[in-house]
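Protein chains: 2
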Amino acid sequence: MEEIVCKGFKAGGVASGLKKNGNKDLGILYSEKPAVGAGVFTKNLIQASSVGYDRECLNNGECQAIIVNSGNANCCTGERGMQDTIAMAKSAASGLGIEESLVLVASTGVIGEPLPVEKIETAVPVLAGGLTSKGFTDFAESIMTTDTVPKIVSKQGELDGKTYTVTGVAKGAGMIQPNMATMLCFVCTDIGVSQDVLKKALAAGVDRSFNRITIDGDTSTNDMVVVMANGLSGAEVSKSIHKNIFQEVLDDVLISLAKMVVKDGEGATKLVEIKVKGAGSDKDAYIIADTVANSNLVKTAFFGEDANWGRIIGAVGRAGVPVSPNTIDIYFNDIIMVKNSMGCGDAAEAEATKVLKESEFAVTIDLNMGTGETTVFTCDFSLDYVRINADYRS
Amino acid sequence: MEEIVCKGFKAGGVASGLKKNGNKDLGILYSEKPAVGAGVFTKNLIQASSVGYDRECLNNGECQAIIVNSGNANCCTGERGMQDTIAMAKSAASGLGIEESLVLVASTGVIGEPLPVEKIETAVPVLAGGLTSKGFTDFAESIMTTDTVPKIVSKQGELDGKTYTVTGVAKGAGMIQPNMATMLCFVCTDIGVSQDVLKKALAAGVDRSFNRITIDGDTSTNDMVVVMANGLSGAEVSKSIHKNIFQEVLDDVLISLAKMVVKDGEGATKLVEIKVKGAGSDKDAYIIADTVANSNLVKTAFFGEDANWGRIIGAVGRAGVPVSPNTIDIYFNDIIMVKNSMGCGDAAEAEATKVLKESEFAVTIDLNMGTGETTVFTCDFSLDYVRINADYRS
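Quick note, the sequences are listed as chains Z and C, same order. All residue numbers for the first sequence refer to our numbering, where the first residue is 3 and numbers rise by one. All residue numbers for the second sequence refer to our numbering, where the first residue is 3 and numbers rise by one.
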């Protein structure tokens with residue numbers, strides 16, 4: 003992690019024994035004083051008990067800590083599941099010496115297995131006692147499942163001469179799909195802001211970041227993005243212009259994390275930006291971009307570094323929104339590969355194939371119909387995706 | 003192929019040189035006399051020229067032959083594409099000595115490359131001259147792309163003491179997804195039937211077969227199911243009861259072919275029936291079944307023979323239709339694995355894992371909400387799917 007400190011926040015992560023391999027699996031993010039909190043949660047109708055629990059907690063407006071376990075989603079675990087979520091909150095509150103109602107809970111991992119909460123209760127005192135302002139990497143590692151790298155981003159902004167910091171930590175890897183995007187993401191900031199403004203800023207930021215990424219079209223039962231703002235930098239969002247300045251920094255953190263999540267998607271070897279423009283509306287553009295970004299045929303062609311634009315145009319045509327069949331242009335970065343729905347020949351294909359060998363590139367689809375446009379991020383679909391997901395529980 | 007002969011039909015297939023590997027790539031299915039024809043076509047908005055061409059032809063009500071090439075989809079090939087489609091029809095008409103307007107055309111293969119139609123024109127005279135009533139296997143082989151086996155089904159029925167035959171040939175493998183399902187399928191029958199009745203029977207049959215299967219969620223630009231009925235058996239659909247009898251045999255052929263297509267899906271090692279019942283409506287049941295059947299996480303778990311029901315219930319929850327989160331039961335064949343949205347324990351899991359080792363099994367999801375139900379067929383998602391699709395054009 004960069005040496006940027008978000009004032010008044012501490013974090014840490016330990017191995018409590020939930021993960022069979024002995025990796026870190028329990029983390030806490032803590033603010034020295036109660037913070038304004040806001041969250042965005044999964045739209046999956048099957049939800050882990052932590053999701054409903056946190057929604058309730060955030061109705062208070064304030065929160066001071068979040069305890070997260072990986073290795074077990076504590077989802078589809080019935081009444082015991084909710085008791086275990088409450089036990090996690092109690093345990094953290096007691097270890098930190100704060101009100102139980104100020105503790106949020108998150109879980110990620112396998113669905114349907116009872117959570118061995120006693121392992122968590124045993125580990126919390128040591129974890130809570132060891133939190134530091136430099137513990138974000140440990141925290142980021144403790145929330146990983148099939149992620150290969152911890153994901154932390156810090157950005158700073160200035161309001162009326164006062165510097166504030168926004169630090170975000172995320173985990174992703176599989177089951178990443180818009181609405182709501184993703185995985186777990188915890189953001190802390192030392193800016194001062196009202197809950198109402200924070201909620202709106204988070205919703206807008208998530209829409210521009212985690213709701214624009216896809217790895218495999220699945221959406222988890224446990225997804226959440228939570229932000230805590232403790233005001234300790236002295237910078238305060240009090241004017242309308244401040245909102246925009248804060249939004250920009252928050253978006254920057256969320257978009258950076260979202261890209262890191264796609265790039266570290268299960269088995270992913272390439273980060274691909276799918277831009278759709280010239281659509282009938284922004285919504286149509288999004289539906290088309292999402293269809294292309296989720297097409298297994300398109301994604302396996304990216305993996306094979308094959309400029310197989312026929313699969314892209316095939317996905318455009320089946321997206322379910324109006325397109326003009328004979329006016330579609332497709333670019334790989336700035337190489338035009340398809341003009342008016344026809345290939346531009348072998349020379350263009352050779353150039354496009356070079357683009358596909360890069361680890362990051364953009365595919366632009368211009369429908370030449372209207373002014374609707376959007377961008378989503380996806381990854382390629384590799385042999386390792388199947389290997390990882392065929393073996394996940396074993 | 004079974005030794006059932008569909009009266010008055012001949013077929014054949016040859017290698018014209020479209021496929022680099024020298025496999026058969028050009029076939030003709032022919033009726034000795036003009037037949038009543040009906041077709042169901044892809045709903046993809048990007049369509050091969052053959053699709054529009056055949057729609058027009060079938061407006062005549064009659065057709066007598068269909069010429070099919072594999073190895074090149076002749077899609078996104080502009081005006082030249084339509085000229086090449088017409089050239090294929092002309093060439094077949096001339097070789098067979100019939101009216102050009104009675105010839106349907108189909109293509110399957112790579113999108114966006116010009117069709118080397120001269121290869122087809124060169125091969126047609128030999129192909130047309132060599133058609134026989136035993137040429138269905140050659141025909142079935144000539145339409146294959148990544149299929150590993152030719153797919154032919156013949157069934158017989160009786161109307162007022164007269165036996166009639168329905169023979170269908172299909173190709174599938176990738177880009178298989180409902181609406182409309184699939185790939186190419188050509189059905190011939192020696193029953194006598196009006197075009198109106200034939201159209202309705204085909205639409206109903208496709209809805210119960212090819213619109214219930216999925217391999218990878220993609221839908222092709224070239225998909226079609228065409229049926230030709232020449233009446234040469236003497237059996238004639240003239241009463242309402244006849245319609246039902248014919249529908250049953252037609253459905254039997256289409257459903258058998260649809261299952262063969264899924265079973266031979268790209269890289270597939272398992273055929274899985276996804277049954278959803280107790281839904282709010284049949285439509286809701288279908289949306290849920292389709293979401294589960296297309297979930298990469300579910301399909302990779304099938305490949306890994308992992309009874310990971312958490313991924314199934316996760317897919318149910320994100321399908322976008324109402325479900326009651328705590329009343330879901332899930333069965334693997336007749337083993338109950340989940341009751342009221344909670345796992346039934348290690349013993350049930352051990353039994354379910356045995357089911358998953360079979361090459362064909364059913365997953366039943368009971369939502370316990372209403373009376374809506376449906377069944378779809380899917381396959382597992384294997385390493386070979388990625389291998390096949392990463393390398394397809396090379």
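It is possible that some hints are incorrect.
All copies of an identical chain are treated as equivalent in the list; a pair is satisfied when it fits inside any one copy or across any two copies.
[As the list claims (entries may be wrong)] Under the rule of at most 20 Å between Cα atoms (straight-line distance), these lysine to aspartate or glutamate pairs were calculated in the EDC-like manner: (1) Lys341 to Glu115; (2) Lys359 to Glu64; (3) Lys136 to Glu160; (4) Lys22 to Asp308; (5) Lys359 to Asp140; (6) Lys265 to Glu238; (7) Lys261 to Glu120; (8) Lys9 to Glu123; (9) Lys356 to Glu101; (10) Lys35 to Glu101; (11) Lys261 to Glu238; (12) Lys21 to Asp348; (13) Lys136 to Glu102; (14) Lys341 to Glu81; (15) Lys241 to Glu360; (16) Lys22 to Asp348.
Derived by calculation from the structure, the hints in this document are not laboratory data. Treat the numbers as computed from the prediction; the structure is a model and nothing was measured.
Verification of the supplied hints:
When the C-alpha separation of Lys341 and Glu115 is checked against a cutoff of 20 Å, the pair qualifies only between copies, where the shortest distance is 14 Å, while the shortest distance within a copy is 52 Å. Taking the closest pair of Cα atoms, Lys359 and Glu64 never come within 20 Å of each other, the shortest separation being 48 Å inside a single copy and 50 Å across copies. Proximity of Lys136 and Glu160 under a CA criterion of 20 Å is satisfied in neither setting, with 22 Å inside one chain copy and 81 Å between copies. Taking CA atoms no more than 20 Å apart as the test, Lys22 paired with Asp308 passes between copies only; the shortest distance there is 18 Å, against 39 Å inside one copy.
Taking CA atoms no more than 20 Å apart as the test, Lys359 paired with Asp140 passes in neither setting, with 34 Å inside one copy and 40 Å between copies. Proximity of Lys265 to Glu238 under the C-alpha cut-off of 20 Å is found in neither arrangement, the shortest distances being 34 Å within a copy and 62 Å between copies. In this assembly of identical chains, the alpha carbons of Lys261 and Glu120 never lie at most 20 Å apart, being 36 Å within a copy and 48 Å across copies at closest. For the identical chains of this complex, Lys9 and Glu123 are neighbours neither inside a copy (28 Å) nor across copies (77 Å), given an alpha-carbon limit of 20 Å.
Proximity of Lys356 to Glu101 under the C-alpha cut-off of 20 Å is found in neither arrangement, the shortest distances being 57 Å within a copy and 48 Å between copies. Proximity of Lys35 and Glu101 under a CA criterion of 20 Å is satisfied intra-copy only: 11 Å inside one chain copy versus 86 Å between copies. In this assembly of identical chains, the alpha carbons of Lys261 and Glu238 never lie at most 20 Å apart, being 29 Å within a copy and 63 Å across copies at closest. Taking the closest pair of Cα atoms, Lys21 and Asp348 come within 20 Å of each other only across two copies (19 Å); inside a single copy the shortest separation is 51 Å, beyond that limit.
In this homomeric assembly, Lys136 and Glu102 never come within 20 Å of each other (Cα to Cα): the closest approach is 25 Å inside a single copy and 78 Å across copies. For the identical chains of this complex, Lys341 and Glu81 are inter-copy neighbours only, at 14 Å across copies versus 58 Å inside a copy, given an alpha-carbon limit of 20 Å. With identical chains, the CA atoms of Lys241 and Glu360 are never at most 20 Å apart, being 44 Å at best within one copy and 65 Å at best between copies. In this homomeric assembly, Lys22 and Asp348 come within 20 Å of each other (Cα to Cα) only across copies, at 18 Å, whereas the closest approach inside a single copy is 51 Å.
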